[in-house]
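> Residue numbers (my numbering), protein chains in the order written: chain U, 9 to 124; chain W, 815 to 924.
The hints are simulated quantities; they were obtained by calculation from the structure and are not laboratory data.
For each residue, glycine too, the CB sits at the ideal point set by N, CA and C.
Any given hint could be a false lead.
To be verified - Taking lysine-lysine and the DSS-like style, the derived pairs with C-alpha atoms no more than 30 Å apart in a straight line are:
hint : chain 1 : residue 1 : chain 2 : residue 2
1    : U       : Lys65     : W       : Lys851
2    : U       : Lys19     : W       : Lys851
3    : W       : Lys882    : W       : Lys872
4    : U       : Lys19     : W       : Lys836
5    : U       : Lys65     : U       : Lys23
6    : W       : Lys885    : W       : Lys872
7    : W       : Lys836    : W       : Lys882
8    : W       : Lys851    : W       : Lys871
9    : U       : Lys25     : W       : Lys856
10   : W       : Lys851    : W       : Lys882
11   : W       : Lys856    : W       : Lys836
12   : W       : Lys836    : W       : Lys885
13   : U       : Lys65     : W       : Lys872
14   : W       : Lys872    : W       : Lys851
15   : W       : Lys836    : W       : Lys872
16   : U       : Lys65     : U       : Lys25
17   : W       : Lys836    : W       : Lys851
18   : W       : Lys871    : W       : Lys856
19   : U       : Lys23     : W       : Lys856
20   : U       : Lys65     : W       : Lys885
21   : W       : Lys872    : W       : Lys856
What the hints assert, rightly or not - Computed beta-carbon distance windows for the label pairs:
hint : chain 1 : residue 1 : chain 2 : residue 2 : range
22   : W       : Glu819    : U       : Pro69     : 17 to 25 Å
23   : U       : Glu52     : W       : Leu860    : 31 to 39 Å
24   : U       : Ala10     : W       : Leu854    : 33 to 41 Å
25   : W       : Asn845    : U       : Gly11     : 48 to 56 Å
26   : W       : Ser832    : U       : Tyr109    : 28 to 36 Å
27   : U       : Glu52     : W       : Ser826    : 37 to 45 Å
28   : W       : Ser840    : U       : Ser74     : 23 to 31 Å
29   : W       : Lys871    : U       : Leu104    : 36 to 44 Å
30   : U       : Val20     : W       : Ala884    : 41 to 49 Å
31   : W       : Arg875    : U       : Ser13     : 28 to 36 Å
32   : W       : Asn817    : U       : Ser70     : 32 to 40 Å
33   : W       : Glu897    : U       : Asn18     : 24 to 32 Å
34   : U       : Arg108    : W       : Glu870    : 21 to 29 Å
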Amino acid sequence: GAGVSQSPSNKVTEKGKDVELRCDPISGHTALYWYRQSLGQGLEFLIYFQGNSAPDKSGLPSDRFSAERTGGSVSTLTIQRTQQEDSAVYLCASSLGWTRYGDTQYFGPGTRLTVL
Amino acid sequence: GENVEQHPSTLSVQEGDSAVIKCTYSDSASNYFPWYKQELGKGPQLIIDIRSNVGEKKDQRIAVTLNKTAKHFSLHITETQPEDSAVYFCAQTGANNLFFGTGTRLTVIP
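Same shape as in the complex, but just chain W (with noise of 0.2 Å):
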């Protein structure tokens, strides 16, 4: 079955500094990876998202790579604010649904 391995669990970094998040899966027949933000008491929210037919995208401070032969993924935060603290779930498309890894939890130290 599906199963999305996300890490590290936590990771703390300096304002300004980057953030990386690493995500691999095990089905290779998903083509659709979309990155999730959630901030406290409230539901996921969308922040990027790749296709299988590439192998970057980017969105100002925020981008994604995606080696398909490797079955691995990569959240990319450049240039980290506050504001960016909250937990990161990468996800993989199933049949009906995504699989989500089990998050990360982003503080950004001012």
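Just chain U, with the same shape it has in the complex (with noise of 0.2 Å):
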């Protein structure tokens, strides 16, 4: 079946400018989660969202960064007034359930933003 996608795939944008990254999860996974990846460094959560519930944002790094998930199932992160320390590979994974109870985080191919 499909997988995790996102779009774009890569993205150059100018400082100061606002950027808008779409995640599609894996149909009927309730759970979609937000990630960072830094050059040549591990992954750093930044937003999860579960059903219907309030999302757990305390990942993200400034006010500058919001997401949403619209209908449980497509989720779009903005980023507003990009700054070059934002540039990084963002990953979107989802999961049929809590990944606490072990259920596993399937990852999308990521989308490189590039800020110049």
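Join the two chains, each given in its own frame, into one complex according to the hints.
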């Protein structure tokens, strides 16, 4: 079946501009996650959505970052007034249920964001 | 908070040899420990996982061991092949997400 998809695959923007990154999770998965991976680094948790519950935003690095999930499916991560330090690969993952109970997170291919 | 230390950061082995990657975690409440493989330009892919009620799990050439008392778990790859070359990440569960180690770049030399 179809996996997690993300668009665009690459995004180059100028400092100060806003960007939107999209994630389409696996159909039927209730949980959706966003992570950030800086060059040569591990994955940094950003935000988590589970069903209709309020999202866990504890990983968002600043108020320039926000995300929404419409209809319990597609999610958009928005970065306002981008800075050069925002350059990274942004990864989306989804899982059938809760990771804390051992449900596997399946990752998309990521969006590589470059802020000039 | 949760912290996962992963060693080594880079590892080179000859084809056919074994590779071992070790991780130490801090949150004793964590009960699920996956390992992911990430190839260049791709997202991480789950290769094996282990839950806290078992000490070892094996899947063909890959095995994972877990020592909950010492709070460490390890990935073992036997009979390595060039296609095993990638970056490997360990992880532990947090409240709502995974906390990842910093990764190990494995190079298998033909």
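> Evaluate each hint against the coordinates.
Each hint tested on the structure:
no. : hint                             : verdict
1   : U:Lys65 to W:Lys851              : holds (26 Å)
2   : U:Lys19 to W:Lys851              : holds (24 Å)
3   : W:Lys882 to W:Lys872             : holds (18 Å)
4   : U:Lys19 to W:Lys836              : violated (35 Å)
5   : U:Lys65 to U:Lys23               : holds (24 Å)
6   : W:Lys885 to W:Lys872             : holds (19 Å)
7   : W:Lys836 to W:Lys882             : holds (13 Å)
8   : W:Lys851 to W:Lys871             : holds (17 Å)
9   : U:Lys25 to W:Lys856              : holds (26 Å)
10  : W:Lys851 to W:Lys882             : holds (23 Å)
11  : W:Lys856 to W:Lys836             : holds (23 Å)
12  : W:Lys836 to W:Lys885             : holds (11 Å)
13  : U:Lys65 to W:Lys872              : violated (36 Å)
14  : W:Lys872 to W:Lys851             : holds (16 Å)
15  : W:Lys836 to W:Lys872             : holds (16 Å)
16  : U:Lys65 to U:Lys25               : holds (22 Å)
17  : W:Lys836 to W:Lys851             : holds (14 Å)
18  : W:Lys871 to W:Lys856             : holds (26 Å)
19  : U:Lys23 to W:Lys856              : holds (26 Å)
20  : U:Lys65 to W:Lys885              : holds (28 Å)
21  : W:Lys872 to W:Lys856             : holds (25 Å)
22  : W:Glu819 to U:Pro69: 17 to 25 Å  : holds (22 Å)
23  : U:Glu52 to W:Leu860: 31 to 39 Å  : violated (19 Å)
24  : U:Ala10 to W:Leu854: 33 to 41 Å  : violated (23 Å)
25  : W:Asn845 to U:Gly11: 48 to 56 Å  : violated (26 Å)
26  : W:Ser832 to U:Tyr109: 28 to 36 Å : holds (32 Å)
27  : U:Glu52 to W:Ser826: 37 to 45 Å  : violated (27 Å)
28  : W:Ser840 to U:Ser74: 23 to 31 Å  : holds (30 Å)
29  : W:Lys871 to U:Leu104: 36 to 44 Å : violated (20 Å)
30  : U:Val20 to W:Ala884: 41 to 49 Å  : holds (46 Å)
31  : W:Arg875 to U:Ser13: 28 to 36 Å  : holds (30 Å)
32  : W:Asn817 to U:Ser70: 32 to 40 Å  : violated (22 Å)
33  : W:Glu897 to U:Asn18: 24 to 32 Å  : holds (26 Å)
34  : U:Arg108 to W:Glu870: 21 to 29 Å : holds (22 Å)
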